[in-house]
Amino acid sequence: SQTIHQWPATLVQPVGSPLSLECTVEGTSNPNLYWYRQAAGRGLQLLFYSVGIGQISSEVPQNLSASRPQDRQFILSSKKLLLSDSGFYLCAWKREFASELFFGSGTQLSVL
Amino acid sequence: GENVEQHPSTLSVQEGDSAVIKCTYSDSASNYFPWYKQELGKRPQLIIDIRSNVGEKKDQRIAVTLNKTAKHFSLHITETQPEDSAVYFCAASKPHSSASKIIFGSGTRLSIRP
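The listed protein sequences derive, respectively, from chains A and B.
Numbering-wise, my numbering puts 72 at position 72 of the first sequence, and it's gapless, one number per residue.
In my numbering, each residue's number is its place in the second sequence (first place is 1) plus 112.
Please keep in mind that the hints were generated in silico from the structure rather than gathered at the bench.
Accuracy of the hints is not assured; some may be wrong.
[As the list claims (entries may be wrong)] Pulled from the structure, derived: some chain B residues nowhere near chain A, Cβ distances all over 12 Å: (1) 125; (2) 129; (3) 141; (4) 168; (5) 171; (6) 175; (7) 180; (8) 184; (9) 186; (10) 191; (11) 224.
[Unchecked claim] In silico contact screen, one side only, chain A against chain B (beta carbon under 8 Å); selected entries: (12) 43; (13) 51; (14) 90; (15) 97; (16) 99; (17) 100.
[To be verified] Some chain A residues well away from chain B (every beta-carbon gap over 12 Å; in silico): (18) 62; (19) 69; (20) 78; (21) 86.
Backbone N, C-alpha and C fix where the C-beta goes; we use that ideal spot for every residue, glycine too.
Here chain A stands alone, though its shape is the one from the complex:
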């Protein structure tokens, strides 16, 4: 069966510090991978998605970047965090050309 791992679960970082959130999927190959951000009381904002290794599509210009160094690994990064980067970050995956999206357990990021 397929599983998705996302870590860490919570993170408190000072403004200006770097960020690296990691997500891995097991039990499938060539998944479509996604990063979403959920600000407090708001919806799921698509940040990045990837259909293959090294292929990253950015939805919203911002202080973040994403990379896919391996087929089942998706990384969200920032060189210098802003207060506005605080939020709940969700990684998700689906099979290529399939419909259902499966979410990771999320990372609650607080930038202070």
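Dock chain B against chain A, hints included.
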């Protein structure tokens, strides 16, 4: 690109009554419309979906309707129960295209009053 509008943002209904959440989308090429439920502190999970070749779909107490012409779709929950309290998200996508992004609405926080 696709834009999904969802309303209301909050909804409170008496236990046993019905709840309706509505969404509109902008890209007429979107053909898959899922609904996700996110309980407090948990990840969103798919509860029901509908494809563009179908007008309505039911699964026990929940149903979804789709009006392709008007580009809107709705979630209906009947005989609401306390465990229906959660945040609900609608979404639109084109899963069989190379541009495989899934755009969500802003969410509806549903509260069931005992």
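Structure-based check of each hint:
Consistency note on residue 125 of chain B: stated as away from chain A, and its beta-carbon is indeed over 12 Å from all of that chain's, at 20 Å minimum. The non-interface label for residue 129 of chain B is consistent with chain A: the shortest C-beta to C-beta separation is roughly 24 Å, beyond 12 Å. At roughly 15 Å from the closest C-beta of chain A, the C-beta of residue 141 of chain B stays outside 12 Å, upholding its exclusion from the interface. At roughly 18 Å from the closest C-beta of chain A, the C-beta of residue 168 of chain B stays outside 12 Å, upholding its exclusion from the interface.
At roughly 14 Å from the closest C-beta of chain A, the C-beta of residue 171 of chain B stays outside 12 Å, upholding its exclusion from the interface. With a least CB separation of 18 Å from chain A, residue 175 of chain B remains clear of the 12 Å interface cut-off, as annotated. Once the 12 Å rule is applied to beta carbons, residue 180 of chain B is consistent with being away from chain A; the minimum gap is 17 Å. In this structure residue 184 of chain B is separated from chain A by more than 12 Å, as the shortest Cβ-Cβ distance comes to about 17 Å.
For residue 186 of chain B, the non-interface assignment is confirmed: its Cβ lies about 17 Å from the closest Cβ of chain A, beyond the 12 Å cut-off. For residue 191 of chain B, the requirement that its beta carbon stay farther than 12 Å from each beta carbon of chain A is met, with the minimum near 26 Å. Against the 12 Å criterion, residue 224 of chain B stays outside the reach of chain A, whose nearest CB is about 19 Å from its own CB. At about 4 Å, the closest approach between the beta carbon of residue 43 of chain A and any beta carbon in chain B falls short of 8 Å, and the interface hint on this residue holds.
The restraint placing residue 51 of chain A at the interface with chain B holds, with a minimum CB-CB distance near 6 Å, inside the 8 Å limit. A hinted interface residue such as residue 90 of chain A counts as satisfied when its beta carbon comes closer than 8 Å to some beta carbon of chain B; here the least separation is about 7 Å, so the hint holds. The interface hint given for residue 97 of chain A holds, since its Cβ lies 5 Å from the closest Cβ of chain B, which is under the 8 Å cut-off. With a cut of 8 Å, the hint placing residue 99 of chain A at the interface with chain B holds, because the nearest CB-to-CB distance is about 5 Å.
Hint status for residue 100 of chain A relative to chain B: holds, with the closest Cβ pair at about 5 Å, below 8 Å. Against the 12 Å criterion, residue 62 of chain A stays outside the reach of chain B, whose nearest CB is about 16 Å from its own CB. Every C-beta of chain B lies more than 12 Å from that of residue 69 of chain A, the closest at about 20 Å, which supports listing it as non-interface. For residue 78 of chain A, the condition that its CB be more than 12 Å from all CB atoms of chain B holds, with the nearest at approximately 21 Å.
Every Cβ of chain B is farther than 12 Å from the Cβ of residue 86 of chain A; the closest lies at roughly 17 Å, confirming the non-interface assignment.
Hint compliance for this structure: no hint is broken.
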